[in-house]
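> Sequence:
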Amino acid sequence: MSHFTAFPLVLAAAIMAAAPVPAGEPDLVRADRFVELPTGERLFVREVRRPGAASEPKSAVLLIHGARVPGVASFDLPVAGGSLAADLAAGGHLVYVLDLRGYGASSRHVAMDRPPDKSAPLMRTEDVVADISAAVDGIAKWS
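For the sequence shown, our numbering gives the first residue as 1, with consecutive numbering after it.
Don't read these hints as lab results, they were simulated from the structure. Some hints could be false.
Distance condition first, Cα-Cα at most 20 Å in a straight line; then the derived SDA-like pairs of lysine to any residue [unchecked claim]:
| # | residue 1 | residue 2 |
| --- | --- | --- |
| 1 | Lys58 | Leu28 |
| 2 | Lys141 | Val35 |
| 3 | Lys141 | Gly40 |
| 4 | Lys58 | Ile139 |
| 5 | Lys141 | Glu36 |
| 6 | Lys58 | Trp142 |
| 7 | Lys141 | Arg30 |
| 8 | Lys58 | Arg30 |
| 9 | Lys141 | Ala130 |
| 10 | Lys141 | Val61 |
| 11 | Lys58 | Ala140 |
| 12 | Lys141 | Val129 |
| 13 | Lys141 | Ser59 |
| 14 | Lys58 | Asp87 |
| 15 | Lys58 | Leu84 |
| 16 | Lys58 | Asp27 |
| 17 | Lys141 | Leu37 |
| 18 | Lys58 | His93 |
| 19 | Lys58 | Val29 |
| 20 | Lys118 | Arg108 |
| 21 | Lys58 | Arg108 |
All of these numbers come straight from a predicted model, not from anything done at the bench.
With the hints as extra help, turn the sequences into a complete structure.
In structure tokens, the structure reads:
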């Protein structure tokens with residue numbers, strides 16, 4: 001590999017290594033947790049808070065992603081100004097970011113390995129409501 005090829009790669013790696021912690025939020029605590037479902041599946045929930053906020057929070061906030069992008073990518077990007085979760089946590093809220101089944105770090109449906117025309121829809125409204133309910137129950141146990 002020539003020096004002309006290696007230098008940009010080393011420079012890019014150095015920039016990426018320096019970027020993971022957004023400026024202005026070094027005092028926030030993040031904890032990645034899982035809620036076990038009766039089916040054996042797991043829901044991923046990220047907690048974002050200030051140290052000590054659990055003893056006197058303003059409120060708990062559960063952030064739920066939409067149909068295409070999982071929770072962390074929607075609400076907790078590691079770039080300055082890219083984290084609604086960090087903004088809310090900096091204001092004293094306990095923030096929880098949920099990945100519904102089939103998204104992000106939550107359990108993946110077997111049907112996701114099949115062609116779309118060979119499976120029923122993965123999540124119906126009642127499934128989403130069940131995931132949210134299980135996440136709220138898990139959060140209540142952790143708090």
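> Determine for every hint whether it applies to the structure shown.
Structure-based check of each hint:
1. Lys58 x Leu28: Given that 20 Å is the threshold and the Cα spacing comes to 15 Å, the pair holds.
2. Lys141 x Val35: 10 Å, holds
3. Lys141 x Gly40: 19 Å, holds
4. Lys58 x Ile139: With Cα atoms ~15 Å apart, Lys58 and Ile139 stay inside 20 Å; holds.
5. Lys141 x Glu36: 12 Å, holds
6. Lys58 x Trp142: 16 Å, holds
7. Lys141 x Arg30: 17 Å, holds
8. Lys58 x Arg30: This hinted pair holds, its Cα atoms lying about 18 Å apart.
9. Lys141 x Ala130: 17 Å, holds
10. Lys141 x Val61: 15 Å, holds
11. Lys58 x Ala140: Status holds; Cα separation ~15 Å.
12. Lys141 x Val129: 19 Å, holds
13. Lys141 x Ser59: Holds - the C-alpha atoms of Ser59 and Lys141 are around 15 Å apart, at most 20 Å.
14. Lys58 x Asp87: 13 Å, holds
15. Lys58 x Leu84: It holds: about 16 Å lies between the C-alpha atoms, which stays within 20 Å.
16. Lys58 x Asp27: 17 Å, holds
17. Lys141 x Leu37: Within the cut-off at roughly 14 Å; holds.
18. Lys58 x His93: Given pair Lys58, His93 holds - Cα atoms ~5 Å apart, limit 20 Å.
19. Lys58 x Val29: Holds - the C-alpha atoms of Val29 and Lys58 are around 16 Å apart, at most 20 Å.
20. Lys118 x Arg108: Distance of about 17 Å is within 20 Å: holds.
21. Lys58 x Arg108: Judged against 20 Å, a Cα distance of about 34 Å means the pair is violated.
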